[in-house]
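Visitor: Sequence:
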Amino acid sequence: MPESHSAYNKRHKEEAKLVRVYPDPILRKPTRPVRPGSPEARAVAEALREAFTRIEGLGLAANQLGLLYRAAIVLLEPESELNSTKPDPIIMLNPRILWRSEEVVVEEEGCLSLPGVFAEVPRAKAVRVEYQDEDGNRHFIEAQGLNARILQHELDHLDGALFIDLLPTNERQRVLRLFRELQ
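Residue numbering for the sequence shown follows my numbering, beginning at 347 and increasing consecutively.
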């Protein structure tokens with residue numbers, strides 16, 4: 347059953363209490379590396395986990411919570427249809443994109459920091475990402491489709507960029523006009 351307009355507005359108001367909303371300047375600041383195992387890393391990871399349980403999203407970057415550390419939490423879909431178990435969210439410390447496919451796919455995207463607006467955003471179809479877990483172990487993810495889009499979106503946040511930055515000027519202006527009307 348579709349969510350009612352009032353339920354949608356209530357949910358977004360609750361999320362707005364947790365997540366920084368455009369034009370908050372912290373969303374435009376690049377984040378700094380975090381040392382795995384440090385008190386800061388533990389605090390950031392816990393804040394991301396706590397907030398992620400209270401929002402409806404596929405990812406969340408630390409600066410969306412006002413924390414200028416290079417950390418994010420993502421919920422990636424299983425790459426194989428054979429794996430039907432619900433995946434756990436992944437805490438990523440110091441993630442970086444190592445490779446992007448030349449092939450670009452344009453699909454609809456939204457953002458918790460720009461609630462209520464969506465746009466067709468061009469992104470690489472596939473990426474390879476390196477990150478550290480909370481213990482400092484290095485991991486690599488090769489992702490395509492929606493998972494690649496999620497990773498690119500969250501890593502853009504960590505660099506101080508938003509999905510609207512990838513839009514042509516007229517489309518960006520349209521999205522921002524709609525966003526202001528919804529506020």
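In case anyone wonders, no lab produced these hints; they're calculated from the structure. Warning: the hint list may mix true and false statements.
[Stated by the list, open to error] Simulated pairs of lysine-lysine, DSBU-like, Cα-Cα distance not exceeding 35 Å:
| no. | residue 1 | residue 2 |
| --- | --- | --- |
| 1 | K363 | K375 |
| 2 | K471 | K375 |
| 3 | K363 | K432 |
| 4 | K432 | K471 |
| 5 | K471 | K363 |
| 6 | K375 | K432 |
Fair warning: this is a prediction, and the values are worked out from it, not measured in the lab.
Visitor: Of the numbered hints stated earlier in the document, which are not met by this structure?
Guide: none
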